[in-house]
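Using the sequences and the accompanying hints, generate a full structural model.
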Amino acid sequence: MNNRILLVEDSDANAIVYQNYLTPSFIVDTAKEGQTATYFFQQREYDLIILDVELPDVSGLSLLETFRESNPDIPVIVITAHSSVDIALKAMKMGANDFIAKPFDKTRLEVTVNNLLEGLKLSKIVKQYESGINRNNFYSMVGSSLAMQSVYHIIESAAHSNATVFITGESGTGKELCAEAIHKASGRAKQNFVALNCAAIPADLLESEIFGHVKGAFTGASSARDGAALKSNHGTLFLDEIGEMPLALQSKLLRFIQTGRFQPVGGNNEIETDIRFVCATNRDPLVEVKTGRFREDLYYRLNVIPILMPPLRERGDDVLLIASEFLKEYSEVENKEFRSFSSDVQRLLKLYPWPGNVRELSNAIRNIVVLNVGKEITNEMLPQALSDFYNGKLSAESIISELTENNGDSNHQQVFSENENNNDAATMFQSYNNQKIEPLWQAEKRHIENAINICNGNIPRAAAFLEVSPSTIYRKKLQWGEA
Amino acid sequence: MAEDTSPDLMPTMINVYLNELGKRVEEMENAINAEDYFQISEIAHAVKSASGTFGAEILYDKAKLLECKAKEHDNSLDEITYLVNDIQEAINVTRNTYHAYQLEF
Chain A
1 MNNRILLVED SDANAIVYQN YLTPSFIVDT AKEGQTATYF FQQREYDLII
51 LDVELPDVSG LSLLETFRES NPDIPVIVIT AHSSVDIALK AMKMGANDFI
101 AKPFDKTRLE VTVNNLLEGL KLSKIVKQYE SGINRNNFYS MVGSSLAMQS
151 VYHIIESAAH SNATVFITGE SGTGKELCAE AIHKASGRAK QNFVALNCAA
201 IPADLLESEI FGHVKGAFTG ASSARDGAAL KSNHGTLFLD EIGEMPLALQ
251 SKLLRFIQTG RFQPVGGNNE IETDIRFVCA TNRDPLVEVK TGRFREDLYY
301 RLNVIPILMP PLRERGDDVL LIASEFLKEY SEVENKEFRS FSSDVQRLLK
351 LYPWPGNVRE LSNAIRNIVV LNVGKEITNE MLPQALSDFY NGKLSAESII
401 SELTENNGDS NHQQVFSENE NNNDAATMFQ SYNNQKIEPL WQAEKRHIEN
451 AINICNGNIP RAAAFLEVSP STIYRKKLQW GEA
Chain B
1001 MAEDTSPDLM PTMINVYLNE LGKRVEEMEN AINAEDYFQI SEIAHAVKSA
1051 SGTFGAEILY DKAKLLECKA KEHDNSLDEI TYLVNDIQEA INVTRNTYHA
1101 YQLEF
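Chains as they are written, first to last, in the working numbering: chain A, 1 to 483; chain B, 1001 to 1105.
Just so you know, these hints were derived from the structure itself, not from any lab.
Accuracy of the hints is not assured; some may be wrong.
Think about it this way: if two alpha-carbon atoms lie no more than 27 Å apart in a straight line, the pair counts; the simulated BS3-like pairs of lysine-lysine are [as the list claims (entries may be wrong)]:
#1 B/K1071 / A/K102
#2 B/K1071 / A/K90
#3 B/K1064 / A/K102
#4 B/K1071 / A/K32
#5 B/K1064 / A/K477
#6 B/K1069 / A/K127
#7 B/K1023 / A/K90
#8 B/K1069 / A/K90
#9 A/K106 / B/K1069
#10 A/K32 / B/K1064
#11 A/K93 / B/K1071
#12 A/K102 / B/K1023
#13 A/K32 / A/K106
#14 A/K102 / B/K1069
No experiment lies behind these values; they were computed from the predicted model shown.
In structure tokens, the structure reads:
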């Protein structure tokens, strides 16, 4: 069955041409003004809307808002004879999927329509698949995205094994929650889960924390003490930030993992244990191996079951699920009445890059709940960083690059090599945080700005030479924070 | 446009365009009599839009100029009236040209 399109265009001449561009591939209903368009929209189900900005009774952009509130997913193409960047940016901010400046030909319209419908079809398939899986959470982890379903699947598959799990991911992505889930899903759930953060313990005390010590082992050791290894016997030992472990201790840890036996600090007798090991780091382990900060043999010993915790920005609607949980929790704790987020705030939560991931989201929601009153979270209540992003003062790239510069955090992304015959493990993963290589968006921005300069500021002409639509350039300028 | 739609449809589509132009001339007359600059710019925008679609480049450029001038509030009524008259003439010429073109189909 053909897709049905609602065309909102007050010019009879334009309307008849656009209708003939689209039929017979599509069924087209035409409305000349906002009132008729609203009526049609309420009566029938449409697959796509083509919306003129200038209408006799209402602004096309405010009509866009109305359509979006009823149907957040319907693709909308905004068309106008105004080719200004402001209108294009405003339309995209208000939820338009694409923007075409008049006059345009059949090919331009068809390509845009077909691309959006294809995207909608794929989105529906993904949603069907996600809803079929029917898991919004897994132990303490909240999330229904495909990325998290994959994590849940690995945990379920690996839980009952004794194989070591190596969890990687940016800071704040829930690595400890993942480790806890592995423990709870395993046959060791009734035994101890002991978590040790290797970055939080001074290096000279770390060995004692893990293996314990005998009385008199060092100055201050006035009595014997059990370490995490003994406390987690028959259970799970989670070593977080394992990349911070000193090299000398790494070799002792390797032996411990391989044999299950260890000696407390200052002790002579070996103790045998049965432990399931889970480790985590927010650094790129292969970069650490290459730079000599992490033992290669320990890396391969640990990396039996790798789990990559996805960053929040790649988890789709999970941000809303998690934000709602935090809102409920903090509203109860702080005795407030917040129940929901406005549609604008929901859109912002999905667009904001969350460099601090779930931890940052938690802080933001708590900040809003503590400092405001009301039943619904609105734009005015947003903390500074989110507010600046919403107002276009910050771009996603600048937020992420500022965080990695300030914290020295290896904000890494792993890329798998397509060369299956390459046995050098170090080349299978590449970090994009290498400052000698210019980020792709900067190179792209320079190229686009150069094209615009050559065309004397004419964006549609520059777009034609670049073989993209003008709306693509307007969208990128919005992302760069340029109005 | 004939390739993008069909030669058979061209007479009908041109007819719609010419009718719309006729309507816009009347609207513009009313707007200039009322000295309604906003309305003049809206009508000019509509003429520009349709003329762009139908390839009437001269009329497109004139409509674009009138739209721009009508939006600037520091132009005199005489200047706007001159531009309106100019565009009305251009519309008449365009109508005649397209009517002749229409007969070719």
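Against the structure, the hints:
1. B/K1071 / A/K102: Distance of about 20 Å is within 27 Å: holds.
2. B/K1071 / A/K90: holds (20 Å)
3. B/K1064 / A/K102: With Cα atoms ~13 Å apart, B/K1064 and A/K102 stay inside 27 Å; holds.
4. B/K1071 / A/K32: Distance of about 24 Å is within 27 Å: holds.
5. B/K1064 / A/K477: Roughly 26 Å between the alpha carbons, so the hint for B/K1064 and A/K477 holds.
6. B/K1069 / A/K127: With a Cα-Cα distance of about 50 Å, the restraint between B/K1069 and A/K127 is violated, given a limit of 27 Å.
7. B/K1023 / A/K90: This hinted pair is violated, its Cα atoms lying about 31 Å apart.
8. B/K1069 / A/K90: holds (24 Å)
9. A/K106 / B/K1069: This hinted pair is violated, its Cα atoms lying about 31 Å apart.
10. A/K32 / B/K1064: Holds: A/K32 and B/K1064 sit about 22 Å apart, inside 27 Å.
11. A/K93 / B/K1071: holds (25 Å)
12. A/K102 / B/K1023: holds (21 Å)
13. A/K32 / A/K106: Holds: A/K32 and A/K106 sit about 20 Å apart, inside 27 Å.
14. A/K102 / B/K1069: holds (20 Å)
Taken one by one, the earlier hints fail for this structure at numbers 6, 7, 9, listed in ascending order.
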